[in-house]
Amino acid sequence: IDMTALNSIGITHEPQNYTALLSDAKALDKKYGRGMINMQGHGGASTATELYQWIVQFGGNPVTFNSTNDVKAMYAMYNLSAYFSPEYKTSYWATYKGLASDKYAMMDYQWPGSVDLKTIGMNTSAVSGNNSVLNVSIKAISEGVFIRDPVPWISEWQILMDNAWTTIITSGNSQNYSTIAHTLSTENQTMFNYLVSNYNITVADNYEQGVYHPITA
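In terms of the numbering used here, the sequence shown is residues 11 to 227.
Don't read these hints as lab results, they were simulated from the structure.
Model, not experiment: these values are computed from the prediction.
Some clues are possibly wrong.
[To be verified] With a cut-off of at most 27 Å between alpha-carbon atoms, the simulated DSSO-like pairs for lysine-lysine come out as follows: (1) Lys99 - Lys41; (2) Lys82 - Lys40; (3) Lys113 - Lys40; (4) Lys99 - Lys113; (5) Lys113 - Lys36; (6) Lys99 - Lys82; (7) Lys36 - Lys99; (8) Lys36 - Lys107; (9) Lys40 - Lys107; (10) Lys40 - Lys99; (11) Lys82 - Lys36; (12) Lys113 - Lys41; (13) Lys107 - Lys41.
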């Protein structure tokens, strides 16, 4: 987050929830005349990973694509996309330098386990301090940690999630809650069919019943 940009429009702290994020995005767009929220939207694993975490934070199960909260999460993302930086279509996990050049004011970057270890790496005196790796990890767990279920077909899931992203966001086509729900249900069915063909009906049924889901601490 570029706090200088936020401060310039009277925002004194980073958004704490989606409502605040959308409000800040609108205010930044009004000041700069363009979208100032960047997203890892170039496709591939980066985009799918970001969407996975985004959907989980809305209470969804991104593995299945089409739960009620999955749809709510993608609908929220679609509404936010009106304020995306033009950079978003080529951005991925290593894209962040635009923050320093005012190309955007916020970068969606929420990969799990992202901890600043620069000040404690190879620092033996900090091992037992408040900033130790152990204490940082414990704090993260207490606040709620989740990881992806390590299923062997995650690569196929990423392809389908990327397809959903393209249809809903990067295509530029007008969307609403119903069209987004339809797209996600289509990807759900495609994933189910893939599991039937490449694994077996038991795996596919387990998938449909939500057996595969984020692992939480």
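Structure-based check of each hint:
1. Lys99 - Lys41: With Cα atoms ~22 Å apart, Lys99 and Lys41 stay inside 27 Å; holds.
2. Lys82 - Lys40: At roughly 26 Å apart (the allowed maximum being 27 Å), Lys40 and Lys82 satisfy the hint.
3. Lys113 - Lys40: Distance of about 15 Å is within 27 Å: holds.
4. Lys99 - Lys113: holds (13 Å)
5. Lys113 - Lys36: holds (16 Å)
6. Lys99 - Lys82: Distance of about 22 Å is within 27 Å: holds.
7. Lys36 - Lys99: Holds, at about 19 Å.
8. Lys36 - Lys107: holds (22 Å)
9. Lys40 - Lys107: holds (22 Å)
10. Lys40 - Lys99: It holds: about 21 Å lies between the C-alpha atoms, which stays within 27 Å.
11. Lys82 - Lys36: Between Lys82 and Lys36 the Cα gap is close to 20 Å, so the pair holds against 27 Å.
12. Lys113 - Lys41: At roughly 13 Å apart (the allowed maximum being 27 Å), Lys41 and Lys113 satisfy the hint.
13. Lys107 - Lys41: Holds, because 21 Å separates the two Cα atoms, which is no more than 27 Å.
In the structure shown, no violation is registered for any of the earlier numbered hints.
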